[in-house]
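Per the numbering used here, the very first residue in the sequence shown carries number 14; after that it's consecutive.
I should point out that these hints are in silico values taken from the structure, not numbers from a laboratory.
You may find that some hints are simply not true.
[Unchecked claim] Computed list of lysine-lysine pairs in DSSO-like fashion (alpha-carbon distance at most 30 Å, straight line): (1) K174 / K105; (2) K61 / K105; (3) K61 / K111.
[Said to hold, decoys possible] So the derived label-pair ranges between C-beta atoms look like this: (4) N149 / T71: 18 to 26 Å; (5) G205 / N165: 25 to 33 Å; (6) A70 / P180: 24 to 32 Å.
Glycine included, every Cβ here is placed at the ideal spot set by N, Cα and C.
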Amino acid sequence: MRRAAFLGGLCLLIALLSAAGAAAHRHHHHHGHYGNGLRKRALHGNRKALRLLAAPATECPGTDDPDAGVPSQEAAMECMLNFARQQAGLSKLDDSRKLDTSANNKASDILRCDQFSHEACGRDFLYWFRRAGFTNARCWWAGENLAWGSGNLGSVRSIVKAWLHSPPHRANILSTQFDQFGVALRVGDLSGHGDAHVWVNHFGSHC
């Protein structure tokens, strides 16, 4: 059965008390300034700008094949996300092993507990960031995008387009505060759909 993708997005700034003042200033700056004109239009939902953010199949192969191997789909997802950033005049995100690990564990929780939630299995949003060691730094930012779909609606292109058309998810993808990301795909049974493609995108940076 084809099913529309379901989305969930969350972006938080977390800092220890010793860094709270500086971090709060950066948080305000992030929301108060935009990059180039395309990014500004995209963040306001301009349709033409959003179309330009989606990579063509020739740029990121395999984005339309939900039956491809998980590693190739994850690579295609990373390609599409970084293409969108580059189109908006932003730097590419670096692949983080720690964020790959946290994202993969979050996707596993969603399937294992059959809960499409930022707090799947009763764990708070930052649980797997902490377990992966990402929050050991004195000051850090963390964000999370979630989505799932079945059939063709679980493909990389379908998920990325849905994220780009959702303001909070798009804001995570185009954030100037993040410089690292992790991507995970898990396929399994969710809400009675045996071919649910569960996507988790973890963003982060150390300030």
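Consistency of the hints with the structure:
1. For a cut-off of 30 Å, the pair hint linking K174 to K105 stands: about 18 Å separates their Cα positions.
2. The hinted pair formed by K61 and K105 meets the criterion: a straight-line CA distance of about 22 Å does not exceed 30 Å.
3. Restraint check for K61 and K111: the C-alpha separation of about 35 Å exceeds 30 Å, so the hint is violated.
4. Here the CB-CB span from N149 to T71 is close to 40 Å, at odds with the stated 18 to 26 Å.
5. As the Cβ distance of G205 to N165 is approximately 18 Å, the hint placing it in 25 to 33 Å is violated.
6. With their beta carbons about 26 Å apart, A70 and P180 fall inside the hinted range of 24 to 32 Å.
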